[in-house]
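Undergrad: Letter by letter, the chains look like this.
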Amino acid sequence: MVSDGLLGAAVRKQNGDRFLTGRIEYTGDLRMAGMAHMAVVRSTHAHARIVAIDTERARALPGVIALLTGEEALGLAEPIPHNLDPAGLGGQHAEIRCLAVDRVVYAGEPVAAVVAETAGEALAAARAVTVAYEPLPAVLNAQDALAPDAALLYPGWATNEMIAGETADGDFEQAALDADHVIDGELRIQRTSAAPMEPRTYLAAWDERAQRLSWFGTTQNPHPMRWVLAVALRLSESQVHVVAPPLGGAFGLKMHGHPEELLVAILSRMTGRPVRWAESRAECLLAAGREQRHRYRAAFDADGRIRGIEDELVADHGAAAAGPGWGMAFVASLAVGTGYDVQCCRVTYRVVVTNRAPWSGVRGFGKESANLLMETIVERVAETTGLDPVEVRRRNLVTADRFPYRTATGLDLDSGDYHSLLDKVLSKVGYTDARERQAVQRAAGRHVGIGIAFELTPEGADIPGALVGGYDTTTVKIAPTGHVTVLTGVTSPGNGNETAIAQLVAGRLGVPLELLDVVQGDSSLCPYGYGNLSSRSMITGGGSALLAADELGQKLRTVAARMLEATGPDAVVLRDGFAILVADEGHAIPIGAVAHAAHTLAFILALGIDPAMEATCTYRPPNIRHLPDEHGRISPFASFSNAVHAAIVEVDPETGVTVLRRHVVGHDCGTVVNPAFVDGQVYGSVCAGIGLALTEELLHDADGVLRTDGFKSYLLPRATDLPQIELLHQCTPSPFTALGMKGAGESGLGGAQAAIFNAINDALRHRGARIDALPASPARVFAALAQADQAVAA
Amino acid sequence: MIAGALDYRLPETVREATEQLAVEPRDTCVIGGGTWVVPWLASGERTAGRVVDLRRVAELRAIRATDDGVLFGATVTYSDLVRGDTSAGPLRLLALMARGVTGGVQIRNQGTLGGSFVAARPSSDAPTALVALDARAVVRGPGGERRLAAVELLAGAMRSALAPAELLTGFELPLQQDGGIGYVKLKRGASSWPLVTAATRLELDSSGRLEAVRLVVGGATATPLVIDVSTVLGSQGDVAVLAEVERRTSAAVVEPYADVLADGSYRAAVAPVVARRAVAMALADARRDRSGERR
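Chains as they are written, first to last, in our numbering: chain F, 532 to 1325; chain L, 372 to 666.
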């Protein structure tokens, strides 16, 4: 018999006190004897030939130990292995080196690296390196990059198109002929970043005698990181030990493929010293994502039923990279249609290289764009038909009786009750009253808008051909003292999944949380795993921990049954620290005593069973489908969390400034293990969505140099910008995953962004104005109003 | 992280500070609170062999009443204003401005009004408010002390008119009649620098007519712009006054400032709105004052 005693409890985060009081050890807190520091010389040009690198002055500066140029690095390392090579899906391959050789393709690209005794000396030396450049014509946006006469970024490429594809089909032209209405439009999504509190930091120590590399750093995926280092440095994976200390947020930015991951290792091997690099905020903000333009058409009837959607997505990737960033465009195209019953959905995507810093993984990973596009279309269907936007959603969302539901792009939606979630949110926000109030406010000249968004977040991805696994492995073991250790292949970006996994194991083994440690992020200690991405940690890490805990629990109950002279394991339950006889609860043994007996009396008590007091299990979600269906479509996700958002904004028509008055979100991620952590993820994700809707944007000057290189120009929302986020939950368990869990972590962002965007357009509608681009900056909103006024005047 | 070594000086008197500054003035940065200079040094935007940090110079942190007004030290912080007695006189407008400075208590504790003035950022709050008060800047250099209208110390965006070896020691704020004050700023969010600011003070006569008004708009142009609104003096109807303020401001913003947060045409378009709102705020304040509501 097993118990889930702690399932659903808001247990506090293990080590939470150490995080809050600054005593947790991030990579930046680690100290090693003889540790030296790295700084990176970066290109000041968007596209240029490197004529010469003068390092003489830098080498002479105090504290300088070593200096490395791209030319010199060629012999020391292979190109960086791709996280997700576009060539695998029919795209073009680019060889990515840790330092540029001969040519730079974006401002900010690493050109040389310096190691010195202190970080300040390294920085001073990096600034003293002079690079002579011969500027080349740069392409700074996707449109220019696709022009027939555009300068090409990569020799050997026929065009600047990295990859293109079509993720679904259906006869849109026929749907358009059959439908009462066809609309078309454009949606432009701005370039944004991930902005974790802790920027990237790496520390590498090469042991010359042991011929072994120890590497500590901000990585979401320690085992794949080990593969990267081994391949690039021509080592065996057993020569590389990767440790991921606690992370101060990751958001996709800390997936592997960054040049500096490799640079610290090369320089440690070169100098014989441990070498650390800590990224500056300006460097961190180079990492980009999300910039894309959608050209869409939608065919629908007068009753609001959508017959078909067509979308052409062009993603402005920036330079090619070894990271997985481009995959966001592919995922966006897969997710179009979201949770709507639209079986005709033709989506094409093109990923274009330009002379700007490349896309990195960023939270949402493309799904947020699909949600924004879909919610924009739904809103416009409502506008055209005169129906309430809520009614259009009711008429098109997949109904609860139709799951599992295969979308037009081939995704197998697991479960849900979208209509009921919509009703809950409408009731919480007081939708009917809010509309009535809006009419009164509008009559008084106020520009109040109400925006709704449905959000579908496919999670738990497994990408064929890449080290991005949808399954994972956990070992659970009990020591003779009764202490339980959980070693898992999933890692935590700081969200508390280690505590949630501990809850599951503690519940199954009946041991108190204080006797249980979860070990993550160590490539030598933990089973091979894929770390943290795509909100996978509870489905795969939790799922495998449950299996392993049950297997170990079976052994403990077998031993305990023999000690209690019971019939067998089923006669014993593990609870509250004891192995208890079910038939007579007065008879019980401390679990620690059972563990000790199992270790010391294995030839008596553990006869007939595997005597190792540990178990290792892998959980593979049964619903990921890589074998293509009859239309060639796959479904690479394990779960489909969903949410409904309602935002109320007020726009100041004289300045274009938007204030978010209320934000209500209803969230359904199936079974919740720890509500405090899920709430934390949703709040954070909604805040990110608010930033994306209103203020965040990476901007460059005319030469392609990043101008928004700090938090006074790259504008994140602050506490005083935010209303109290009103959060409610619905629980529709997944019929496929362990306990019915679905991913939580990314969802919130796309829906919040879409609801606010819709609310702003709702506020502008009576003036005949709308915006089709983000962010909804005051200048953009102001210009839309001014343009509408001019149109009226004309 | 500041690259390389720095000769860091912590003088205790103005004399020491000016002497330390005079050695290599072109290779020296003066720090009020350091909220600008330290990030500049870290990013490499500015380099300096020496830093003269004014935090220990007690005389620069003082606020003192004089016969003609208030002498206001260059290193008075926003927190000093928020916490201090600012219920009357010219400090009232400065305190209103200081209360709206974001960046958290660290920035308000660290940032100084003099430092902000010398940094001459178009988007900063302090220069506009000080110019609205008709402040005179007190400057100490190798040749002694000089005084000039504060606005003349602002040579352009990010450029002060201080000579290399000169130090801003403070401001003289003239005595003022009680009246109304207004300070309004337009931002893109709490983390944004202001795009446009407007500071105003005005006086009403016994019948409620506008008797005096000074209006300064910041952020719309490279340096704070004093708007001539003399045409509204003697007016009583708010609607007409405010419409005239908008017209005057609109006409005055000829070469709008632009940065990464907003372009010039937007700043020019919203400057009149911000100016009008500041004047409306000041009118309401003056009436509260007259009705005895305020104190």
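Hints in this document: simulated from the structure, not taken from any laboratory.
Nothing here was measured: the structure is a model prediction, and the numbers come from that model.
All C-beta atoms, glycine included, are put in the ideal place defined by N, C-alpha and C.
One or more hints might be untrue.
[Stated by the list, open to error] Short, incomplete list of chain L residues facing chain F, as computed with Cβ under 8 Å:
| no. | residue |
| --- | --- |
| 1 | G415 |
| 2 | R559 |
| 3 | S563 |
[Said to hold, decoys possible] Over 12 Å on every C-beta distance to chain L, these chain F residues come out as not near it, computed from the model:
| no. | residue |
| --- | --- |
| 4 | R634 |
| 5 | R658 |
| 6 | E791 |
[As the list claims (entries may be wrong)] Going by beta-carbon spacing under 10 Å, a handful of chain F positions derived as facing chain L:
| no. | residue |
| --- | --- |
| 7 | S811 |
| 8 | T1239 |
| 9 | A1310 |
| 10 | A1314 |
Undergrad: Against each hint, give a clear statement of whether it holds in the structure.
TA: So, going through the hints one by one against the coordinates:
1. G415: The hint holds - G415(L) has a Cβ within 8 Å of chain F, the shortest such distance being about 6 Å.
2. R559: Holds, because the Cβ-Cβ distance from R559(L) to chain F comes to roughly 6 Å (cut-off 8 Å).
3. S563: Because about 5 Å separates S563(L) from the closest Cβ in chain F, which is inside the 8 Å limit, the hint holds.
4. R634: Correct as stated: the minimum Cβ-Cβ distance to chain L is 24 Å, above 12 Å.
5. R658: The claim is violated: R658(F) sits with its nearest Cβ about 6 Å from chain L, within 12 Å.
6. E791: holds (16 Å)
7. S811: Holds - the Cβ of S811(F) comes within 10 Å of chain L, reaching about 7 Å at its closest.
8. T1239: holds (6 Å)
9. A1310: Check passed: Cβ of A1310(F) comes within 4 Å of chain L, closer than 10 Å.
10. A1314: Since chain L brings a Cβ to about 8 Å from A1314(F), closer than 10 Å, the hint holds.
Hint 5 from the list above is the single one not met by this structure.
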